[in-house]
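Sequences listed follow chains A and B, in order. For the first sequence, counting from 1, position 39 maps to 1225 in this note's numbering; every step adds exactly one. For the second sequence, counting from 1, position 33 maps to 41 in this note's numbering; every step adds exactly one.
Only true hints are included.
For lysine to aspartate or glutamate, the following EDC-like pairs were computed, each having C-alpha atoms within a straight-line distance of at most 16 Å: (1) K116(B) to D1224(A); (2) K85(B) to E24(B); (3) K57(B) to E1285(A); (4) K113(B) to E16(B); (5) K1195(A) to E50(B); (6) K60(B) to E1285(A); (7) K113(B) to D1224(A); (8) K64(B) to E84(B); (9) K68(B) to E24(B); (10) K57(B) to E84(B); (11) K76(B) to D62(B); (12) K113(B) to D1245(A).
Treat the hints as calculated values from the structure; they're not laboratory data. Since the structure is predicted, the reported quantities are computational estimates derived from the model, not experimental observations.
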Amino acid sequence: DGGITQSPKYLFRKEGQNVTLSCEQNLNHDAMYWYRQDPGQGLRLIYYSQIVNDFQKGDIAEGYSVSREKKESFPLTVTSAQKNPTAFYLCASKNTNTEAFFGQGTRLTVV
Amino acid sequence: GNSVTQMEGPVTLSEEAFLTINCTYTATGYPSLFWYVQYPGEGLQLLLKATKADDKGSNKGFEATYRKETTSFHLEKGSVQVSDSAVYFCALYSGAGSYQLTFGKGTKLSVIP
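Put together the whole structure using the sequences plus the hints.
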């Protein structure tokens, strides 16, 4: 079945560590997105990518980095520069004239 | 820029009550409009969509009509169930050379027996 997969579902980070969240899609979508969701809050765009080897900052890119080396994959690294990384992270993908498809999310907690 | 405004929550209804969640938008061109639903601890799922003016999207008893004259896309359901308890997001995609999606802040719905 086609879809978008995020892993892991739960992730724990120690202070000062970088962690990488995985997002893979087999929908042949051109565009991929990363959103952050805090409790009781809406979605905030971190980064998005329209094509391989290209990506743009969203509203809250500071402390995050991404890469898009393959069409299917769009990993997000939460760096130690992100001071408040505890949140629910959602990945999505889309083509022109289709709706966005979302993964099941990764819950990141700083311990 | 594009924006989506949806009614503040939370909304609490009794089972079998009528539901309306208001959504208005600002966008250039002719956007596509969407309603997504998020159950606790999960990602967003598409509930319904409309791609041009006067289109009505419908799914699982929910409906929304794309009203260009009032720039609205209100979500309605005639009789809610406890299983409809979730957070609902209105969203738009305007294309126009950008792949940016724009979401409302979400409305939490709780349905009580």
